[in-house]
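Chemist: Go by the hints and put chain B onto chain A.
Protein chains in written order, with our numbering: chain A, 1 to 357; chain B, 1 to 542.
Everything labelled a hint here was simulated from the structure, so no lab data went into it. Each hint should be verified, as a subset may be incorrect.
Capping the alpha-carbon separation at 30 angstroms, the derived lysine-lysine pairs in DSS-like fashion look like this [unchecked claim]:
#1 A:187 to B:292
#2 A:314 to B:224
#3 A:164 to B:505
#4 A:140 to B:292
#5 B:525 to A:285
#6 B:86 to B:292
#7 A:314 to B:395
#8 A:314 to A:187
#9 B:230 to A:314
#10 A:314 to B:505
#11 B:196 to A:187
#12 B:505 to B:532
#13 B:86 to B:389
#14 B:196 to A:259
#15 A:187 to A:285
#16 B:119 to B:72
Since this is a predicted model, take the numbers as computed values, not measurements.
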Amino acid sequence: MKLYYYLCLLLVCCLPISITARDDGTSGYVKGKTHTNNWAVLVDTSRFWFNYRHVANVLSMYRSVKRLGIPDSQIILMVADDMACNPRNPRPATVFNNAHQHINVYGEDVEVDYRGYEVTVENFVRLLTGRLAPSTPRSKRLLTDDGSNILIYMTGHGGDGFLKFQDSEEITNVELADAFEQMWQKKRYNEILFIIDTCQAASMYEHFYSPNILAIASSLVGEDSLSHHVDPAIGVYIIDRFTYYALEFLERVTPDSTKTLAEFLQVCPKRVCISTVGVRQDLYKRDPKTVLVSEFFGSVRSVELTERILDIPKCGGKGKVAFNDSQGEASTKENVKKSLQRKKLVYANQLPISYTK
Amino acid sequence: MKKEGEGEDREGALAAAGFAVVLVLVGLPVWWYTTTVYRATLPYATIEQLSHQLRHHTVGLDVVGQVRASFKDDLETKLESMQSVKFLLTHRLPTREEQTLLKSTHQSLSDLDLNLSNKIHVANGNLAVVVMEEGNNNNIMDNSSVIVGRQRIIFVTPNADLGVLASVVRGMVMDVLASKRAHVARPLHQLPGQHKQEAMRQVPTEPGYDVTLTLMVPEPHRTKVNWDAKAAVDEYLGPVVRQLESVAVVSVRSQVLYMTGLSVTPEWSPHHQHYALPHHQLPLTINAIEAKLGSFVWTRPSLHFVVYVPRENQMPLVIHSPDGTPLTTNSFLVPRWGGVMIHNVPPVDNTNTTTTAAMSPRYLTLDSHWVMSTVITHLHHLLPIPTLKETPEVKLLAPTSPYQLTEWQVDALARARVSAYLANIRTTLQSLCELVGEISNMVISDEVGGWVWGAVEEWGECGHAAREGRLQEATLYCTRSFTQADAAFFHPSMLALLYFPDNQKYAIYVPLFLPVSIPVLLSLKMVFSLFKKGLKSKVKED
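Chain A with its partners taken away, still in its complex shape (with noise of 0.2 angstroms):
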């Protein structure tokens, strides 16, 4: 009788290990990463005063993503309007996220691609397609691999399948997920992480069908993304509610962090957003809960620690480490002076106007 019933217990605790150990095996989560680089494209789309909110945004995002280690040549910001210097900013250069002034968003080293006029629906396709005139210069061009985490966000105003570009044109969620499939084709990306945040931005991701795409969605299709607060110096909303708690969530992010992306998908629940916050995981065959933060938002390389060097011969002549006294001085100045004469200056080869075959 003791017997049945220890054999009982052993069973019953056995059962869900077993399960489990079937569940890791079917389903289907890839772990570990397999990103090599980092990239970040962020895209406001709208100008004029009163939509300051969206530079906020974007540039709020753009300090995260620096702050978290991507390189500004691996960042490219299109942003539509110069807030900062706007004649109606009360505090120039500067652009806040909050109206108590508590994070200078702008900062001291913002690095914009793509500025003004020059945000428009092609310039934004043709980046991500790779398809660009042969003299854009190399911080305007997505120079992804296979190995590139790309996180996009865009924001401004949006509706039902389309976002509104600088008041005069819209992309629509047909021709984006059509980019992502070039992309796609091309191996230009291994991940992208696609933040959107506008009114009726679930709408945006629905036509996606390219592999290894997490959308988040600041609001369903029908909802509007509500603004945060009114700087009265300022005179209009400052920031978007989605972004100022992202951001909030960001900036308790280090870059050695182990916060996970499941954790920024709750980043905004229903009682703050007031929108409920859409998210579109079919496409992303990751465990969310798996994936951390800083595989999107920040830059750790990988590193292999050499354990020997090749056994070269040694060529030609000077070899050890050296450091001379006052000798040196003397003699380095020489050879300066007759490197200086045998050294003809010359312009440098800067024009790439033809297609190098």
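Modeler: Only chain B this time, still in chain A's reference frame:
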């Protein structure tokens, strides 16, 4: 009265018929011709056919020497398992000159290797296996059964294990992991363990790379570094770059970066008497400096090699591995990006210097050999240059200066790159065809058409050359084809956004044609009814 009414009706009918005729016979063709876009014809069928062709490399393997009869067949069976490479084995006895060389007793293996390579003339992309004589020159083989030469010859003892020889040949021909990867062509996240690590480390296959050597001196007022970078590059990197010219164009530049340091917080280790930099601080070190490295003009993939001279108050700085031991090489590799090495300088001799002397900057010269060895090691890992593991059975002859790479290494690299190119070109051209098919009114200019035709032709030639074992030609064809295919795919006019998709055609043409066609169609009804009446009246009359 009736006649007049009839006449009017008839006139009306003729007018309506006239309108309809003009609309159909003149309007439709004019509309058709003025709205066709110029689309250069593309070789869709050829692309389809070439995509499904199985690709493999052929390597000729020459066995030279006196061997038992089953040697060649056994070796052939053992080599069959390699998926993307087919071997063509031939066997011949050595010629008299070769025999004299093999028999001569007073020479080292490297001399034998050199002389034999001149005599045997192994073609580019092939290998030769030379079987040493029994009982002769026993000490030349140094107690191992397989020795790999510097060019394309493998020396084996007659009773060597064929399995070992087969694995050596497989490793020499193409990096085993790379061959599996190219055969399957899966994206990164679907590759298993070691494949993924290898694929994540090596740079993407492109025709050219930009190598930038950066010397970082964070405190130039304390340390004046005198390093003749040009001479170091010419002496050490120059030969490697020249050897790789047939495979990839590498352009090397160097720069010195002042007043920038790595933002690390090392701890003084009294046990080792140096500042210890734990390995977990390394992943975030290069982010701050990355924006300052590299060119802002070229769009080729770039590799950065950084030589860091630590700050005065952090000197000497040594990286510690996870188990706490200091790393002798003091350098680390960042996959797909480059490498960083920390170059420490000897400590300042504080005993007999006055304060003013201590404040003045000290001049120092870098150890070029150490720096360039590290750079070349990192470059070998990144490209990647295939290597073989040395065991007691298998040994490799070390390369001699100035040739750092052996011929078979360059061949293997070329082969791996050709496989990668072929897979890449296939996806590019297939994707392009899909895009062009989807948007039926996308303009295909002559420029793009020319590139696609060129790319397809050379793609076919490359596959052909690879199957026949002509490796150098295959590399050339593939590089050109890849460049052309990419130029066609990324041409600014291929943007789908610029053209109306098919489902928007109705939205454009309906408002245009419907207001015009409705009256015409309705008046046609009138024409037909009149025509029928006319027929009926004729019948009546008859």
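Chemist: Now tell me, hint by hint, if it's right for this structure.
Modeler: Cross-check of the supplied hints:
1. Distance check on the hinted pair: residue 187 (chain A) and residue 292 (chain B) sit about 27 angstroms apart at the alpha-carbon level, within 30 angstroms; holds.
2. Pair hint residue 314 (chain A) plus residue 224 (chain B) holds up; C-alpha atoms about 25 angstroms apart against a cutoff of 30 angstroms.
3. Only pairs whose Cα atoms come within 30 angstroms are accepted, and residue 164 (chain A) paired with residue 505 (chain B) is accepted, the gap being roughly 23 angstroms.
4. For the suggested pair residue 140 (chain A) and residue 292 (chain B), the alpha carbons sit about 16 angstroms apart, so the restraint of at most 30 angstroms is met.
5. Restraint check: the Cα-Cα separation between residue 525 (chain B) and residue 285 (chain A) comes to about 61 angstroms, which exceeds 30 angstroms; the hinted pair is violated.
6. Only pairs whose Cα atoms come within 30 angstroms are accepted, and residue 86 (chain B) paired with residue 292 (chain B) is rejected, the gap being roughly 47 angstroms.
7. Our distance criterion of 30 angstroms between C-alpha atoms is met by residue 314 (chain A) and residue 395 (chain B), whose separation comes to about 22 angstroms.
8. Of the pairs offered as hints, the one joining residue 314 (chain A) and residue 187 (chain A) is violated, with about 42 angstroms between alpha carbons and a cut-off of 30 angstroms exceeded.
9. Among the hinted pairs, residue 230 (chain B) with residue 314 (chain A) is consistent with the structure: their alpha-carbon atoms are about 16 angstroms apart, no more than 30 angstroms.
10. Distance hint between residue 314 (chain A) and residue 505 (chain B) is unfulfilled; the C-alpha atoms sit about 70 angstroms from each other, more than 30 angstroms.
11. With a C-alpha separation of about 15 angstroms, the suggested pair residue 196 (chain B) and residue 187 (chain A) falls inside the 30 angstroms cut-off, and the hint holds.
12. Straight-line distance between C-alpha atoms of residue 505 (chain B) and residue 532 (chain B) comes to about 37 angstroms, which puts the hinted pair past the 30 angstroms bound.
13. Distance check on the hinted pair: residue 86 (chain B) and residue 389 (chain B) sit about 23 angstroms apart at the alpha-carbon level, within 30 angstroms; holds.
14. Distance check on the hinted pair: residue 196 (chain B) and residue 259 (chain A) sit about 25 angstroms apart at the alpha-carbon level, within 30 angstroms; holds.
15. Proposed proximity of residue 187 (chain A) and residue 285 (chain A) is supported: the alpha carbons are some 17 angstroms apart, at most 30 angstroms.
16. Distance restraint check for residue 119 (chain B) and residue 72 (chain B): the Cα-Cα separation of roughly 22 angstroms lies within the 30 angstroms cut-off, and the hinted pair is therefore satisfied.
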